[in-house]
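There are 2 protein chains.
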Amino acid sequence: MKRYESLAEEIAQSIRTGVLKPGDRLPSVRQASASRGVSPSTVFEAYYLLEARSLIRARDRSGYYVIAGTKVLPPEPELPSHPSDESAPVDVSELVFEVLESIKTRDVVPLGSAFPSPLLFPLPRLAKSMAASVQDMDPWSTVDDLTPGNAALRRQIALRYLADGMHVHPDDIVITNGALDALNLCLQAVTRPGDSVVIESPAFYAALQALERFGLNAIEVPTHPRDGVDLDALARALTRHKPKACWMMTNFQNPLGSTMPDEKKQALVNLLAAHEVPLIEDDVYGELYFGSKRPAPAKAFDTQGLVMHCSSFSKCLAPGYRIGWAVPGRYAKDVARLKLTTTLSASAPAQAALADYLAKGGYDKHLRQLRHALSVQQSAMMQAVVRHFPRGTKSTRPGGGYFLWIELPGNVDTLEIHRQALAQGISVAPGPMFSAKRGFRNCLRINYGHAWTAKTEEALVTLGRLIAANGKMNLMDKEP
Amino acid sequence: MKRYESLAEEIAQSIRTGVLKPGDRLPSVRQASASRGVSPSTVFEAYYLLEARSLIRARDRSGYYVIAGTKVLPPEPELPSHPSDESAPVDVSELVFEVLESIKTRDVVPLGSAFPSPLLFPLPRLAKSMAASVQDMDPWSTVDDLTPGNAALRRQIALRYLADGMHVHPDDIVITNGALDALNLCLQAVTRPGDSVVIESPAFYAALQALERFGLNAIEVPTHPRDGVDLDALARALTRHKPKACWMMTNFQNPLGSTMPDEKKQALVNLLAAHEVPLIEDDVYGELYFGSKRPAPAKAFDTQGLVMHCSSFSKCLAPGYRIGWAVPGRYAKDVARLKLTTTLSASAPAQAALADYLAKGGYDKHLRQLRHALSVQQSAMMQAVVRHFPRGTKSTRPGGGYFLWIELPGNVDTLEIHRQALAQGISVAPGPMFSAKRGFRNCLRINYGHAWTAKTEEALVTLGRLIAANGKMNLMDKEP
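Chains as they are written, first to last, in the UniProt record's numbering: chain A, 1 to 480; chain B, 1 to 480.
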């Protein structure tokens, strides 16, 4: 922990224990610097951090004041979703494309984005690894690195699993063009048009689009915002619909942020094994935990080779490189062959650059910084939701990742809010993007993966007004 | 033209005009160097080139001799293929994977390879472009370069079309993970499972695999080894089967090497427009012409937006980078959306590196060298086929690319030869890889995209023996 972080933590502790009370003025930067024996910039950084966490607030020219005795967080949504238990074809793509299109403009506030800020990644370090590895590139590596992919990179990925206590052999890994490619290949390997596939409710829209593209039916299973899929409901769906696969995010699910506890993951793997149904596990956010330890993927409990585990470097190291992978268990050969016939291989220079970066070390340090930044930004976003959204708004409190799932009170239409917000330069991801039947109309997914700025704050103010107007609510009618 | 090339051309001219006759001894390197006023290494390189073209041959310690007054070429196959005119499901993948697997071993003589030698490409120059472009990379480019792809690269591609007289707007281009991705996306955009698709006979096996994967039926149309698809047969197939697409290679078709003349391409485009059937055009070899001018793609004749033109840099500039593109005409939006939902985007660093390389110039010079190398190697391969394969062997004479299509006499089984050759460290591509119903059992595709070495010559000798043994032919029973 850096000096400014421990100073901030000390002050936060004083606020939590009531030594400092709401409205109290903090010592000036100069006073604090003198009394604590630290540099003014350390004090400034500590205050900045506390402000980002909405514990203190600067008032023009008069210094910093405590604004909350304990963090005021929005209440959490408490109930799992309750989708229909029928299977159904999917028709959501048009809406998803409309929203995706909107985030490509740089001056839009990207609350609807699927990506964290590219400024959070060590692109200059990666550039060095790229330059070094292409300069030394053996021309024949263009053949050697064909699917299943660069051997050094597969070894580095296997080593990371080993560090987390999982035994994955490099030969079990198929390198892909990002996790999306891995997930699509896994789905193709185990389904045929007309089959049914279990997904979460709400689900990552790419799963919905994949089902739509391959003519598969979706079985949406109730999912709790804290600990994920309802296993009893899943058991009934398995018996009733005989699905050919489940597609799930076990850690920091997109959009809910839910994470299955270990014992639940174990039970999930056992249940699916009993039905001989493969689990396509999307674990792209697993490294972005705010706690003390990486949550295990379901793959860690797989003894039957039925878990088709997918991940990538796109969300935690190298956006744009498009390097992901699958560990498809007993379907490894099928997935590799599908990869060969669809896109042949991932880009050789990108594979070599990542292998070089991982071998040289520094990834864990980068991840620690990234997690810290995301956790601070999550806190700032939650506080802003409390400040600016109508009373009754609920928000998830995910232990990682970079999305909040917001349940709005009353009869709010987030599709309408999405359009109105976009007209004012703000993107959001409306709830219906995440459901086969366009449910979750009163929900929003909000991205907090970008640095908190005055523009973000303004965007939240605007959003709050749009929501209140849409739901005919009075913003003033809030808890103090 | 370099000094040694013009010297070689002078000598070749003397051989063609009969000034030098078969069996004549050439001046020694020392004599020629003195009499022509060039360095010994220039003479040596000229002789090496003439030897590669099989015009002269070195005999141990006694110098170089003319071996042919005019080139002895294998006879050409004269008839188009005659596939069944029924449509049929496809089942060829297992065989294709078996052959593809075999070329991954470096010490196999890669006559069955789908790729030219990676040594033919300017990888160090590309490495410089890669290093420069990742160092300068704007972090936000990871968002900007999302599908349809890097704007600078799309502009460079459009400029190359313009230089060939084609007007393609950068916005009409979708960047993909190589041409294979482009072709697959185009096919998905216009077909549904159960539809029929017209392909050439023989066809590139990736087309067969794509049809198999998507549950499409193949209509194989007779194709002439010199000028491509039989348009009368195509017209009948269009009327009878109402296919949803045609997938064709109009230039240096793989495996035949056939190229449709311009007027035939125009007629093809007109015919398909009359039936409102899109043409998925695979033009990956178009830049590898040996003549004076790039053959136009069918896209050049498209006024209806029905030609879905696909190409890449994998065969002519940057193997392993996996950067290709589609110009899908009226289906551009559908193809871009499919790209977004399957693999999101091509690798951003690879896109930026190619944009930088193309902007800096040098691509045309590289292409001239590449074409020259391939044309020399084609000549050497044809001569070796004449020398070592049984009488009655026919070979195509493609005007570009790096494949010969060999028709073997008698009752030869190339699947058997493939297995026997592989056991001796030689890969070949047996004819049945190129047909939905495993036809062309007496045919081989031979790759001449690798530098000619003593090992290649030995491999041809071995192959000739295997073929003769398989067909119970006498190798000695040949023209002198």
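Any given hint might turn out to be false.
[To be verified] Here are the simulated lysine-lysine pairs, PhoX-like style, with alpha carbons at most 25 angstroms apart:
no., chain 1, residue 1, chain 2, residue 2
1, A, 128, B, 128
2, A, 455, A, 394
3, A, 128, B, 360
[What the hints assert, rightly or not] Quick look at which bits of chain A chain B covers, simulated, 3 or more residues with Cβ under 8 angstroms:
no., stretch
4, 91 to 101
5, 137 to 146
6, 290 to 298
7, 346 to 354
8, 406 to 416
If you're looking for bench data, these hints aren't it; they were derived computationally from the structure. Even for Gly, the Cβ is constructed at its ideal location relative to N, Cα and C.
The hints, checked one at a time:
no.	hint	in the structure
1	A:128 x B:128	holds (12 angstroms)
2	A:455 x A:394	holds (23 angstroms)
3	A:128 x B:360	holds (22 angstroms)
4	91 to 101	holds (count 3)
5	137 to 146	holds (count 9)
6	290 to 298	violated (count 0)
7	346 to 354	holds (count 6)
8	406 to 416	violated (count 0)
The structure fails to meet hints 6, 8 from the earlier list, while all remaining hints are met.
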